[in-house]
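Knowing the structure of chain A, use the given hints to seat chain B on it.
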Amino acid sequence: MLKKIIFFLLILSILIGTVFTASAETFVPYDSYEYNKFNEVVVSPSGYLCSEIVDQSKLKLEIPLSSPSDIYYDGKNSIYILDSVNGRIVELDKNFGLKNTYGNFRLKDSDTPETIKGAEGFTVDSEGTFYIADTMNERVLVIGRDGIIKLVITRPDEALVNTDFPFQASKVSVDEKGNIYVIAKTINMGMMVFDKNGEFQQFFGNTTVVPTAEVILNYFRKKFLTRDQLKGIKQYTAMNLSNLDVDENGFIYTVTADAVEEIDNQSVRRVNFKGDNILEAERFGDAETADMPSVFIDVDVDPNGMFFSLVDKSGGKIFQYTIYGDLVSVFGGHGEQKGTFKTPTAIETIDDKVLILDSDKNSISVFAPSEYGAMIREAYTKLYANEYTEALELWEQLREKNTNSKLPYYGMGLAYDALGKYEQAMSSFKTGGFQEEYSESFAEYRKLIISKYFFVVIFAIIALILVIAFAFKILFKKSKSAGYSSYSELETKKGMPFYVLLHPLDGFEQFRRRDVKSIPFAVILVIGWLAVEIFRYFCVGFCFNSNRASDFSLWSIIVRTAVIFLVFVVSNWCIATFMDGKGKFKDIFCVTAYSLTPYIAISLLYVLLSNVLAMPENVFLWIVTAIALIWSFSILLAGLITIHQYSFSKLLLSLLLTVIGMGICLFFMILIINMAQMVVGLVSSVMSELALR
Amino acid sequence: MRKLFVNLLALLLLLTLTACSATPYSYKRKEAAQREVLSLSSTEKVLETKSGSYKEICRTDSQALYADMSTGFFVLEDLSTGRLWFSVPDDLEEDEISRGILMQELSSQIVVGYIFREDENISTVSRYIGSSSGSQYSDGITTEQLNNGIRVTYDFPDYEFTIPVEYVLEADHFEARVLLDEIKEDGLCYVTEISLLPNFGAANWDANGYVFIPEGSGAISYFNKGLGTTTYEGRIYGSDLIDNAEQEKEINKEIRMPVFSLVYEDAAIVGIVENGVESSSIIAQTRNEECGYNFVGSRCYLRHLFNKKLFQTDANNVHSFSRASKRDSLLKEYSVRYYTLSSPQISYVDVAKAYQNYLTKEKSLKKQDTTPVMNINYYGFIDCKRFFAGIPYTGKMSLTSFTEAQKFTEYLLERQVDSLAISYSGWAGDGLTNDKVQDKATPAGKLGGKKAFNNLLKVLKEHNITFSPDVELLRFSSNGNGYSIRKNAARSVFSDQMPLYRYNVATGLPIVENGRLSYLLKSSSAHTAYLDYLKSFLKLETKSVMLSSLGCDWYTSWDAKAVEAGLQTIDTYCEILKAYAKDNSIVLYDSNAYALPYASRIIGAPVNSGSNDFFSQDVPFYEIVLHGYIPMSSGSLSNDANPELAFLQTVEAGLELYFDGFYEDASVLMETDYKELYSKTCDLWADKAIEYYNEYMPLLKQISGSEIIGHERINPTLVQVIYDNGMNVLVNYGEKAANVSGHKVDAKGFIYWKG
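So the sequence lines, in the order shown, correspond to chains A and B.
Heads up, the first sequence is in the working numbering, so the first residue is 1 and it goes up one at a time.
Heads up, the second sequence is in the working numbering, so the first residue is 1 and it goes up one at a time.
Treat each hint with caution, since some may be false.
[Stated by the list, open to error] Within a straight-line C-alpha distance of at most 27 Å, the following computed DSSO-like cross-link-like pairs (lysine-lysine) qualify:
id	chain 1	residue 1	chain 2	residue 2
1	A	Lys37	B	Lys748
2	B	Lys535	B	Lys582
3	A	Lys99	B	Lys225
4	A	Lys353	B	Lys582
5	B	Lys385	A	Lys430
[Said to hold, decoys possible] For the chain A half of the interface with chain B, some residues (derived, Cβ under 8 Å), not all of them:
id	residue
6	Thr26
7	Asp31
8	Tyr33
9	Pro45
10	Val54
11	Gln56
12	Glu288
13	Glu400
14	Thr403
15	Asn404
16	Ser550
These are computed hints drawn from the structure, not numbers from a lab.
Every residue, glycine too, gets a C-beta built ideally from N, C-alpha and C.
If we strip away everything but chain A, and leave its shape as in the complex, we get (with noise of 0.2 Å):
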């Protein structure tokens, strides 16, 4: 907390502005978003809005509706909503008209009624059959329309031997095979299938635990803890599912209640028949977890299969992505307006319109796509539809429609690609920030580049590889000695930095023979580092760069090259004098300085080839990049070798400790700003306290 005060003291002090706001003509009581491309949230217009209220004003039921607690709709014209309290089930045809309510449930040959109060799921079949999931009597139960109850299924003992945990029903589908899902909120094991007799066939589609770093460690340290300590560690399990839902081709759509990072790639997933998770994208909901993770309690898949909708307990929000898992519109909201909610604990979607049963104000909110979600709507289908054409002018149109979305970028850079177009393809994917796809768009349009100016390819790779063995010739001739003196053209000086690239050993041996070290060339290299990182910064292809222009900070560059550098020959030349190091501070300086070369001259043939490189082959940058810092830290090494005196072991030693001293010397400077901090807060505190007693 104090630190967050003097953070807000000094962000107080340093940042000045306004707060602007701009409202648009069409009230909607919940503020609509997405993410950029570098993860923050931005407005966008709303893809939704609330058309409809259906609540018992509309209904006019003669008992109103009581905490709902599923609604289902059937594809034709009925939907139905599983009254929890009531115990019944309310049918209403397309248009929200009352159509039936079915309750007093009976078992066959038996007048008494069965109360299903406290059932949180069901479903209907095709033929009209309900499966109801009585959670509060721990069954399941499937009922003609009649009101006979067919078959009642309860708890599966065989296949629960490992548990005492009761059957607590809270989810049932069913497939077109007759298969039965079942979720119990009360057993982590996945979905259970039954079939369609009602006998257990398998445990589905089970949450697994990944095995981070922490669960490993974890794993071991409780085989040496004590029963108390262990109650103390996180526990690893696999999540409850909560809800689930079975798309046209026969995939299952699941969601956890649980917002626990371990499991954060599985909280939503689209089950294939091998229980396997085919679902892209990891991340679901608001980026913001540390306020508020997103918590799904329900999901339903589209008509047309396209798209699924997210039911956020947590926020009260419902999230419509992409089969892709690319975020559509986000909308609703916890409150009393209409649009928003108490208590969202069901969704369900007719053609494009989505219903959220509201358990707390019972009630029904229809969301209808507006003008612009429509149309991102209609652009995705498109685009998936291979129909690339239409899509493009689509994209182009939602462009216009909402300028800060990266959405658009992504549609059309597609399109563009599958037309063809790859450069076109290239600038929208690298305005949206989408890298992989630019990259493969960039892959194909360097194949039409090469094979349109072969000769002129050639000839510049050619010139390329001539031009670095030239230097290299150059550095090799220069640094022969001439006949007529035992030195060579390089040893002076000027030529220094570039004679030890090749001898550092003989090179950094003159140090302490001639005078051949200059001071004011080390500071240029160091300037050079600092100048090339910045150049980095900016200038790195955009398949390995996610660098962002307003993020630069100056400061930090020359934190990460000037301060360090300056750090780690202090600390050197402190653990020189305790280890009889020979070399004097300018000679470390000097090393250090000209280690840096190497690094300095590839970095520019990094940059130049991250900017004609495909992502698939960073593998040339990275041994670009591991060249540079082997010769690098040999020079480094054999300079201070050399200028010290040392042995190989006590090199070795030395680097360490040097090591060790930048730690604690950062450490120091670490701790001297957040004691500075910590004062300010607390006078800070203290003063506000005073200030309000």
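Positioned in the frame of chain A, the structure of chain B alone reads:
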């Protein structure tokens, strides 16, 4: 605010258990007919009703007042129809739902909130509610007769305060006044709020009609709908910007007019808050499980309670601190006027007419002759992060230069879009950023300087286009020009300057760590700032000015050392408006009622309510009141998610069109703090603007000076509006064409005819 109301209700329940061991309410059972007037003497009439007998106090041509001098209860008679309006429900004994504290409140004329004096400065302040039901506190009630009414003094002996209230008949209305100056509260408690006559005219379980709330454009809530949200409270003029700076973002519409109404099928009572508007809220309730009545009224806050988060050890352990503000010393009286209306078929249109009548008579609202226009607002320049040789600095970025504004205006003129009014934000000083408080009106050099500005002005004058530069001095973010954050920023009751945070749109929480902070100028400083600025502004000779924030931004400075409370803010605003109005016509944005007399045009008039669950339906009350008096435009149509719907709403309300934007490509905003202005580039909406202009202008020319005399929602998607010059407008929001008395209207379209 609504949260607060819920809290209050919760406290009410708590009170039932603790503070109030009330004697059970007993009613005088009478088998009398509902109304029976007996003449005791030639001068004194007595009214016998179910709940007691009331003697006549006085009468005017239109109304008569009867009172029960023992309880202070009164009855208002509308003499044209003989309808009686009871100060507390007459048929309380027949109510089967209400009990306990709610029953006690229903039988009260005022309900008072208070805090214990000794609790004022402790970490949590509990607020209690006491009510003055006649029988419970019959000892504590003294009534005396005045010339034209009665004066009732409510004494709350347990809490040691007394509140005097006058109920009087004026020439054409009834008025209830709380004499705030004469409140005695030297003892145990402070009064925090007073709800005055919350149940006046309350509608019972059998009644048909609705409650009218002026939130946004206005909304109605039907009696006895009996489900969902059944209570409402909304601050008049919206919530205080200072008060709410650290709260979660509220997306809502504000109450712009201090008027409320209970509308029955054949009669209505209209309440207008006359004094204390700036400290009041409107409260309403429809019948629910706990209360059998539907009512609407107002509540005045004498002291505001503020919470301050001190520090937080973890998510659930927030240490906070409360403090009550001082009383607004300028506020001497809290008074509400009541007009009674009756006609065979009464609706919110009649309520609007009654309020319009009040505004013209009492608040000097005048009809203005203007030709209808399309309004355009240009954005000048913003600041942004720039780099010089890799070193970042804050630079200025032009969005629309004066020459570009001229170019785009000429582009429209060439396309016969010639009835225009132009306003310009961020044209001087620090642009849209409002960095320092400006003291000189100098056209920004970044946009072309004085020369380009004068050229623009000349061209606009040639085409008879009003040009209103936006003057916004309330917000500032750094010291300079003689103003400093320390000295001149409005402060909270804890004496700290409150910044206006930006909000994270995903979480709705203020961005404390990484945001630009701007402050609000306290009203005394705003007064000098605006008047100083005026001198140099007049030299520009634009003859028109936009004062966008003076009409709608609302805040107070509760700094204990120098309270600048609501009334002072309003007075300041009005003085500024008056000074500017002398030589300029004034354009306001979404204006509150106090600024109406000075406005020659209102941009962004509301066409929706905040769609609270309490409301059954939105009505364009704001427009019905002001249409034909002040030209108004809709909110911006330039980047609406549903422009077609927004356009139809504009047509329904009879508003002028409004577009805002800039010349630069909108993608330049992506790295700035002005992302809200997405898609506002003029090019992107020019075609739409021209299309709407051509479609709508012929109609607007015929209705612009006329009053709305009829507004009817024929079905959920079809609305008919009638103007006093005989124009009929039919707007169809539906997906199918519709037919009304021989007039066919296309899907998502509108038609109009005369006669």
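Cross-check of the supplied hints:
Distance check on the hinted pair: A:Lys37 and B:Lys748 sit about 37 Å apart at the alpha-carbon level, beyond 27 Å; violated. Between the alpha carbons of B:Lys535 and B:Lys582 the distance comes to roughly 12 Å, so the proposed pair stays at or under 27 Å and holds. Distance restraint check for A:Lys99 and B:Lys225: the Cα-Cα separation of roughly 23 Å lies within the 27 Å cut-off, and the hinted pair is therefore satisfied. Distance restraint check for A:Lys353 and B:Lys582: the Cα-Cα separation of roughly 54 Å exceeds the 27 Å cut-off, and the hinted pair is therefore not satisfied.
Distance check on the hinted pair: B:Lys385 and A:Lys430 sit about 21 Å apart at the alpha-carbon level, within 27 Å; holds. For the restraint placing A:Thr26 at the interface with chain B, the shortest Cβ-Cβ distance is roughly 5 Å, inside the 8 Å limit, so the hint holds. Because the closest C-beta pair between A:Asp31 and chain B is about 4 Å apart, less than 8 Å, the hint holds. With a least beta-carbon distance of about 4 Å to chain B, the hint placing A:Tyr33 at the interface is held under the 8 Å criterion.
For A:Pro45, the suggested interface contact is upheld, since its CB lies about 3 Å from the closest CB of chain B, less than 8 Å. With a cut of 8 Å, the hint placing A:Val54 at the interface with chain B is violated, because the nearest CB-to-CB distance is about 12 Å. This hint holds: A:Gln56 has a C-beta 5 Å from the nearest C-beta of chain B, less than the 8 Å allowed. The criterion of a C-beta within 8 Å of any C-beta in chain B is met by A:Glu288, whose closest approach is roughly 5 Å, and the hint holds.
A least Cβ separation of about 5 Å between A:Glu400 and chain B falls short of the 8 Å threshold, and the interface hint therefore holds. Of the supplied interface hints, the one on A:Thr403 holds, with its beta-carbon coming within about 4 Å of a beta-carbon of chain B, less than 8 Å. Because the closest C-beta pair between A:Asn404 and chain B is about 4 Å apart, less than 8 Å, the hint holds. With 8 Å as the threshold, the beta carbon of A:Ser550 comes within range of chain B, its nearest partner Cβ sitting at about 5 Å, so the hint holds.
Checked against the numbered hints given earlier, the structure breaks hints 1, 4, 10 and satisfies all the rest.
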